[in-house]
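My request is simple: use the sequences and hints to build the entire structure.
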Amino acid sequence: MAADTPVEYIKHHLQNLTYGKLPEGYERADGTLVDEATWTFARTAQEASDMGFMAFHVDTLGWSLFMGIVFLGLFRYAAKKATTGVPTGLQNVVEMTVEFIQGVVRDGFHARNPLIAPLALTIFVWILLMNCLKLIPVDYIPSIAHALGLEYFKIVPTTDPNGTFGISIGVFLLIIFYSLKVKGIGGFTKELSMQPFNHWSLIPFNLFLEILVLIVKPISLALRLFGNMYAGEVVFILIALLPLWIQWTLNVPWAIFHILVVVLQAFIFTTLTVVYLSAAHEDH
Amino acid sequence: MNINLTLIGQSIAFAIFVWFCVKYVWPPITAAMEARQKKIADGLSAADRASRDLELAQEKASKEMHKAKEEAAALVDQANKRAAQIVEASKDDARKEGERLIEQARAEIQQERVQARDALRAEVAALAVAGAEKILETSVDAKAHSEMLEKLAAEL
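Taken in order, these protein sequences are the chains called A and B.
Just so we're aligned, residue -6 is where the first sequence starts under the working numbering, counting upward by one.
Just so we're aligned, residue 88 is where the second sequence starts under the working numbering, counting upward by one.
Hints listed in this document are in silico derivations from the structure and should not be mistaken for laboratory results.
Some hints could be false.
[What the hints assert, rightly or not] Here are the simulated lysine-lysine pairs, DSS-like style, with alpha carbons at most 30 Å apart:
1) K14/A / K4/A
2) K156/B / K168/B
3) K210/A / K110/B
4) K110/B / K126/B
5) K154/B / K74/A
6) K147/B / K73/A
7) K125/B / K150/B
8) K168/B / K183/B
9) K168/B / K178/B
10) K210/A / K183/A
11) K176/A / K210/A
12) K74/A / K221/B
13) K110/B / K176/A
14) K74/A / K125/B
15) K154/B / K168/B
16) K73/A / K126/B
17) K125/B / K73/A
18) K110/B / K125/B
19) K183/B / K156/B
20) K210/A / K174/A
21) K174/A / K110/B
[Stated by the list, open to error] Chain A stretches covered by chain B per the calculated footprint, using a threshold of three residues with CB under 8 Å from any CB of chain B:
22) 59 to 71
23) 103 to 112
24) 246 to 255
Cβ atoms here follow ideal geometry from the backbone N, Cα and C, with glycine treated the same way.
Encoded structure:
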């Protein structure tokens, strides 16, 4: 692996496998010039960042899709086999999760909307599964990927801001959609402009404040999850730099602690989504 | 840590997952759970009802038992009374029969006594006539003296 110094090792581990478009005339890391704009895998972090917006993190997308399919596959399988008799095994786990989510929605959501509970279930289980990838030792899968010829490989989608923002933007769009649907355009505008100070002269100030509050919601959702997961990942990588015989003394407690963090972050994301959407449904 | 198209890809994946979950995962699971809940609730209420029925049945049974016992006691009582009556009646009958027999016997004795006395009387009369014949050495015409003889016999 291209990691001679600790700093390089860490940077290497935090770089996603990027497939993107290099502009015409770009000088690559090995000194060759790109004749025309081409889609290719980035060989260095610099290349990845130079690709700009027109790039995909293949590892993030791949693993999050995989985890989503694992979630839906398991739950769909359980749903198909669900009996009204005595539940066993997988059905128990699935029903426990569903009941837990129903509880969260019952506590946090005060309107009627059949979409919210399955939405919360999807968010919770998907994020939980993606977070759980972090408990796989940091070098295992990147080493395999390296052997297959992939320079960079970062398996935890929630340590990539794209991964978390992707979800929180979805939530943000739902917040806007339901705000408009429940309150109407007039109601929503009024909510944004006449609060917290109900006076016409303060409308610009209200607008500024309320729009800020609105926009902060998805940002805080995404950054909280990303920050926690990223920090945890960095600590795992730092521990991996220690001599082999001492690693377990730090690794094991940190991993055990992270079992808690992994579930907690998924839960917080879910609960806040439910609460935000509940606020979007409240008509004043 | 670059923001790029991954963001949009992730959002699309998220939307598809949510759609799939809303459509194919959530409804069957919750339906099964609700159906089971209803089944359990029904079962519990059925059990409740059954235990209430059992209680009622037990109560009814014990009432019936009590009633039967009372009836039986009444019957026994009645039978005892009737038996006593029958015994009393038969005692009465026996006494009456005895009295009747005694009466009859007495009457028969009386009759026999009368007969015996009559016979005796006749014999005495005959004896008296014979005695008188002996004394008078003549025969007494029984026919001629029958009036006297009957008078004599009646006196005896």
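Here is what the structure says about each hint:
1. K14/A / K4/A: 22 Å, holds
2. K156/B / K168/B: 18 Å, holds
3. K210/A / K110/B: 27 Å, holds
4. K110/B / K126/B: OK: K110/B and K126/B at ~25 Å, within 30 Å.
5. K154/B / K74/A: 57 Å, violated
6. K147/B / K73/A: 49 Å, violated
7. K125/B / K150/B: 37 Å, violated
8. K168/B / K183/B: 22 Å, holds
9. K168/B / K178/B: 15 Å, holds
10. K210/A / K183/A: 19 Å, holds
11. K176/A / K210/A: It holds: about 19 Å lies between the C-alpha atoms, which stays within 30 Å.
12. K74/A / K221/B: Measuring from Cα to Cα gives roughly 150 Å; hence the hint is violated.
13. K110/B / K176/A: Distance of about 26 Å is within 30 Å: holds.
14. K74/A / K125/B: Holds: K74/A and K125/B sit about 19 Å apart, inside 30 Å.
15. K154/B / K168/B: It holds: about 21 Å lies between the C-alpha atoms, which stays within 30 Å.
16. K73/A / K126/B: With a Cα-Cα distance of about 19 Å, the restraint between K73/A and K126/B holds, given a limit of 30 Å.
17. K125/B / K73/A: At roughly 19 Å apart (the allowed maximum being 30 Å), K73/A and K125/B satisfy the hint.
18. K110/B / K125/B: 23 Å, holds
19. K183/B / K156/B: 40 Å, violated
20. K210/A / K174/A: The hint holds at about 19 Å.
21. K174/A / K110/B: Holds, at about 21 Å.
22. 59 to 71: holds (count 6)
23. 103 to 112: holds (count 5)
24. 246 to 255: Violated - the segment 246 to 255 of chain A has 0 residues with a Cβ nearer than 8 Å to chain B, which falls short of three.
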